[in-house]
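Colleague: Spelled out from the first residue to the last, the chains are:
There are 2 protein chains.
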Amino acid sequence: MIMDTKEAQELMRRIYLKRDKERGLERTLLRTFQELGELSDAILQEHSQDEISDEIGDVFAWLCSIANLLDIDISDALWKKYPGVCYRCGMIPCECSETP
Amino acid sequence: MIMDTKEAQELMRRIYLKRDKERGLERTLLRTFQELGELSDAILQEHSQDEISDEIGDVFAWLCSIANLLDIDISDALWKKYPGVCYRCGMIPCECSETP
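Line order of the protein sequences matches chains A and B. In terms of this note's numbering, the numbers along the first sequence are unbroken and rise by one, the last being 94. In terms of this note's numbering, the numbers along the second sequence are unbroken and rise by one, the last being 94.
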């Protein structure tokens, strides 16, 4: 399954936008921290690749919810910050003197 | 700019994979929490839409780095967990009795 980020956001919009609006942006942010915590937990406890993938899907789903509430396109946001090169050193691959 | 998530992961792979490997998975997770904190901060302090978009781009970039280190495809992960419907109630839009 290859999805562009617009399709991913649209999928989440169709399933969850009403819920996201009811919950509001601040609690949606908190839920995203929680999901990132679950992903960390799955990694640290060496869960199966399937379980870790499940948690990656969740973090991305919640990031889509945040972006939907803010009416921001995730690809646009990524490309604006990283236009094909490192945003600090301007190189690909990154040649920054410190590891970020 | 419309990117599919594979292109986004490939972009981050080409710019940052060497750095991501040097940093390692645990510190990459920590940096992602930090970026999510910066996004929260930008939202709570009512920064401009451009600044908030910048932080959304960063969170997604770091999620791509995590997924690259784990060799997980973000779209596959999302679609496996959310196959066009809510993963709990099976409906679109979600009809779960509680707001998740």
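Just to be clear, a hint being listed does not mean it is correct.
Note that the list lumps identical chains together, so a pair holds whenever it fits in one copy or between two copies.
With a Cα cut of at most 25 Å, we get these calculated PhoX-like pairs of lysine-lysine [stated by the list, open to error]:
1. 75 x 0
2. 74 x 0
3. 0 x 15
4. 12 x 0
5. 74 x 12
6. 12 x 75
No lab work stands behind these hints, which were simulated from the structure alone.
Colleague: Could you run down the list of hints and mark each one as holding or not?
Modeller: Hint check results:
| no. | hint | result |
| --- | --- | --- |
| 1 | 75 x 0 | both (17 Å within a copy, 17 Å between copies) |
| 2 | 74 x 0 | both (15 Å within a copy, 17 Å between copies) |
| 3 | 0 x 15 | within (19 Å within a copy, 29 Å between copies) |
| 4 | 12 x 0 | within (18 Å within a copy, 28 Å between copies) |
| 5 | 74 x 12 | between (28 Å within a copy, 22 Å between copies) |
| 6 | 12 x 75 | between (29 Å within a copy, 19 Å between copies) |
In summary, this structure violates none of the numbered hints.
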